[in-house]
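Engineer: Next come the chains, spelled out residue by residue.
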Amino acid sequence: MSKEQDVIVAEHELSEGNLKSYITGFLLSIALTLSAYFMVVRRSFTADRIIAVIVALALIQFLVQMFFFLHLGKETKPRWKLFVVVFMIMIVLILVFGSIWIMNNLNYRMSPEQINTYLNNQGGGF
Amino acid sequence: MNYVAAVLGKLNSNVFPHDKATLGAALSIPLGGLLLVAYLTYTKRWKWLWKEWLTSVDPKKIGVMYIIVGLLMLLRGGTDVLMIRAQQATSVGVSHGIVSVNTFQQLFSAHGTIMIFFMAMGLMFGLINLILPIQIGSRDVVFPFLNLSSFWLFAAGMILINLSLGIGQFSAAGWLAYPPLSELHFSPGVGVDYWIWSLQIAGIGSLLSGINFFVTIVKMRCRGMNLMKMPMFVWSVLCTTLLIMFAFPILTVTLTLLFLDRTVGMHFFTSGFGGNPMMYVNLIWAWGHPEVYILILPAFGIYSEVVATFSRKRLFGYTSMVWALAAIAVLSFSVWLHHFFTMGAGADVNGFFGIMTMVIAIPTGVKIFNWLFTMFRGRIHFASPMYWFMGFVGLFTIGGVAGVVLSVPPADFQLHNSLFLVAHFHTMIVGGVVFGYLAGISYWFPKIFGFRLNERLGKWSFWCWFIGFILAFVPLYILGLMGATRRIDHYNASLGWQPLFIVAGIGAAIIALGVGIFILQIVVSIVRRKDSIDYTGDPWNGRTLEWSIPSPAPFYNFAIDPVVNERDPFWESKQLAKDSEQKAVHYKAITMPRNSGIAPIIGLFSVAFGFGMIWHIWWLSIVSLIAIIVSIIIRVSDDNTDYVVPASKVEKIEFAYAAKRAEAPKRRYA
Amino acid sequence: MSDVANPPMNLDISNAEYQKNSKTLFGFWVYIMTDCVLFASLFATYAVLHHNTFGGPSAQNLFSLPNVLAETLILLTSSFTCGLGILSARARHKNKVIFWFFVTFVLGIAFLFLELSEFRHLVITGNSWRRSGFLSAFYTLVGTHGLHISVGLLWLVVLFGKIFSGGLTRNNLRQLTLFSIFWHFLDIIWIFIFTIVYLMGAVGK
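Sequence order for the protein chains is A, B and C.
At the far end of the first sequence sits residue 146, using my numbering, and the numbering has no gaps.
At the far end of the second sequence sits residue 708, using my numbering, and the numbering has no gaps.
At the far end of the third sequence sits residue 1406, using my numbering, and the numbering has no gaps.
Take these hints with a grain of salt, some might be off.
Distance condition first, Cα-Cα at most 20 Å in a straight line; then the derived SDA-like pairs of lysine to any residue [stated by the list, open to error]:
1. Lys1221/C <-> Arg673/B
2. Lys1224/C <-> Asp599/B
3. Lys94/A <-> Leu1226/C
4. Lys1224/C <-> Pro98/A
5. Lys1221/C <-> Asn678/B
6. Lys1221/C <-> Met630/B
7. Lys1224/C <-> Phe117/A
8. Lys698/B <-> Gly534/B
9. Lys101/A <-> Val368/B
10. Lys97/A <-> Gly262/B
11. Lys1224/C <-> Arg673/B
12. Lys94/A <-> Lys1363/C
13. Lys40/A <-> Lys1363/C
14. Lys40/A <-> Ser1289/C
15. Lys1224/C <-> Phe103/A
16. Lys1406/C <-> Phe117/A
17. Lys1221/C <-> Asp677/B
18. Lys1363/C <-> Asp599/B
19. Lys267/B <-> Pro98/A
20. Lys1221/C <-> Pro98/A
21. Lys40/A <-> Lys97/A
22. Lys97/A <-> Ser1289/C
23. Lys94/A <-> Phe1264/C
Simulated from the structure, these hints should not be mistaken for lab results.
Taking the hints into account, I'd like the entire structure generated from these sequences.
Structural biologist: See the structure below:
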């Protein structure tokens, strides 16, 4: 029993979260996962539409898990955890979409079709 | 199974250098090491070294160790560049200079890598360790063991890169090792692997330090110090840590991908099999651009402190300075393509990044004006830190303007990878970063050591650096506009470049003199320290909390947790009260973190791990990795990592300082 | 003002202990943010290289969706059982703690087993990481996630040892909380791998 007396529970951040939040998060996540999965497997829509929907589902599940499992948003002020999450998301978006934009642009300008089109239209040279 | 290869990996008897110059340089390191060992043994200082320095979690001690390594690496990188200058001044027409082509390529690769990762980052982390906790009124950083471990990872990287001088060779692929040159096919030796692993290990140390200092600022500020009351240096460190935390993981990944290409046959950046070498350039600069802002922001913070103190005036436009720092931090993640305008992206992409690059110059300009406005109508005292600041203002503005020229993509098409570019970034790094860190060392030296540096030698050092810099780099601006590219080891006499290279060589020699005088300044000041004792802890009539504690700072920094009400709290308290009055103080026991032997052990095993990965001595890497993991588990399981300093001991130390202050001769501030 | 200087009242732990938890948990959270950028770099690389199959089969041909669904549901469940473990820790039920974290561990092992089986299958059918830029990026992105899972499982083993020998001490509780943050975050990364690599791959993008 003395070891259990050692147990300290009321740590401020440890006391966030309860059974309801974990169950809600879990069930929502399953629903979102299965929806995305069966959208792809069933192929009822065009590829672009499917992708738009599954990406949206992924983003929703991200928020669900951040809120229900990681308790984001339940901080008291000052909201430093939220700040670093938002900053991180900004960097991630810049890095991922910036890289895709840049590399796509380079790729396009190196592809045979583009080079040929340019040469045919311009009469030679870059 | 080849047992020798299994045990020794790629090591064999041919790994030692053949040419006399490299062999001589390589041997100087163990020779210096032996002298040090002999000295320590003779003076019986091994235990002292281990207990007082190598295992100490005191950020002031860690800071000093970082700065010592940083200055040593300045000497190493500086020697590299003197040889580069000598080569470029003499290798014209029929002459081929003093070093071979391969050596030359290793020289410029080593110079850049060492100066950025080990000189600049070393001095930066050193100064942050020294001053950040004191400026926020704290006794330590938030994770002291992690802090020491970060230092040892940094030192491990430094050891690896210096081992390359004597065992094997270094990379010949430039300080950023672009593929396909850095891929196995074109760099089959161990050079690029040394580059990868010394940076990977040091990079993890940097990342952990970034996290450590960020959380320290968030969680350990003293009572009353809300964000808008923090000193400017603390703000600059806060923004720097955001950059470190979110940029260094990109470096970690990029180095790993290059390693995987070279070692496991992957195809990220290879020329065939669906690899894309341009993706490397994209990723490395997505890290690389924030990196240069990581280097400059703390220097900006130092300048803010120095200008305010030596103008006897509070910093002009504090709020706009904070916004400028924040803007620079965010924008620094949006400009990285300007390092590869010529790689072939379209006008839309190039145009966007060109504009963003111009935009980021604006907040920097705001800061320059605010510093100048701080000086306006101040009572300026030109102590040596101010000299570095004045040199910075001139040089950085010119270099910055050159940067705006480069930010215009069509202009960059002419100037990319020319000596104009080289001159630009050196102006920023030497004129901005190095001058700032040297100013910081001069400014805060008394706080850490209890005596001031010799002002005359400090000023001579500055003039050598400043004049030497102009002589060394104005010719490079001109050469760049004339069409000279970077990294050339030989050129035709008909080009007419040699006189300019000779002037540049003379400039480099004068900078070397400046470095020598700086070191001499430290030595002379130590020898003559009794003549320049800092009795009061406030030699410059400072404004911020670090000047409110004695010099040298006690290991616990503050005997009583400070409470602040204003910006520049120490200046405030000096104006309000007679600081020589000894108020009745009630000292309490203080909890301090213990030293840790685990951190240097992790460093040692990191060196072994890296060495094994470089030379394909897999058993060594596996054993080292296990040892590191076990060390971490041991440390994390240790429940007894703090000790208590009794109130009586604190009282005794504080009384001793008070007695020292009473001895202070009655004279004006230095 | 930092919350360390002004901690909330009504805590049955000492101020020093509150501070230590507050700092360590926030520091770990910040580290997790840096790990997100690490994964973002790998995602960016995958996005750029995933069409570079060098004539070999593409994602559409290679990935088995039912296997991936199983992996996803297993990992999600383990994230849930991890949460249940934390609740038990709060309620001081040492046996429940061990039970729920053991379930988490078993599910984690199952996930790794499925993933390694997938990798093995790909390799023996000639689709190793040496084959193309696409496959290099795939193995590295998914493999880095798997490496993180492995580190988590090793951490859990060490934690079991500590709980068995020392009980639910303050340090062990803090460690369990740090582990749970790590484990939840790995499931979040998996959402994106599942969506971007496997589902989008199956659709042909």
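Engineer: Holds or violated: Lys1221/C with Met630/B, Cα cutoff 20 Å?
Structural biologist: holds, 13 Å
Engineer: So if I understand the rule, the pair passes when the alpha-carbon distance is 20 Å or less; does Lys1224/C with Arg673/B pass?
Structural biologist: Given that 20 Å is the threshold and the Cα spacing comes to 18 Å, the pair holds.
Engineer: Given the hinted pair Lys1224/C and Phe117/A, is their alpha-carbon gap at most 20 Å?
Structural biologist: Violated - the C-alpha atoms of Phe117/A and Lys1224/C are around 33 Å apart, more than 20 Å.
Engineer: Given the hint that Lys1406/C pairs with Phe117/A, does the C-alpha gap stay at or below 20 Å?
Structural biologist: holds, 16 Å
Engineer: Please work out if Lys1221/C and Asn678/B have their alpha carbons no farther apart than 20 Å.
Structural biologist: Distance of about 14 Å is within 20 Å: holds.
Engineer: Keeping to a limit of 20 Å between CA atoms, is the pair of Lys94/A and Lys1363/C held or broken?
Structural biologist: violated, 30 Å
Engineer: Given the proposed pairing of Lys1224/C with Asp599/B, does the C-alpha separation stay at or below 20 Å?
Structural biologist: holds, 18 Å
Engineer: Take a quick look at whether Lys698/B and Gly534/B sit within 20 Å of each other, Cα to Cα.
Structural biologist: violated, 63 Å
Engineer: Could you grab the alpha-carbon distance between Lys101/A and Val368/B and see if it respects the 20 Å cut-off?
Structural biologist: Distance of about 18 Å is within 20 Å: holds.
Engineer: Taking 20 Å as the top limit, are the C-alpha atoms of Lys1221/C and Arg673/B close enough?
Structural biologist: holds, 16 Å
Engineer: Given the hinted pair Lys40/A and Lys97/A, is their alpha-carbon gap at most 20 Å?
Structural biologist: The given pair, whose Cα atoms are some 24 Å apart, is violated under the 20 Å limit.
Engineer: Take a quick look at whether Lys1224/C and Pro98/A sit within 20 Å of each other, Cα to Cα.
Structural biologist: holds, 14 Å
Hint violations for this structure: numbers 7, 8, 12, 13, 18, 21, 22, 23, all remaining hints satisfied.
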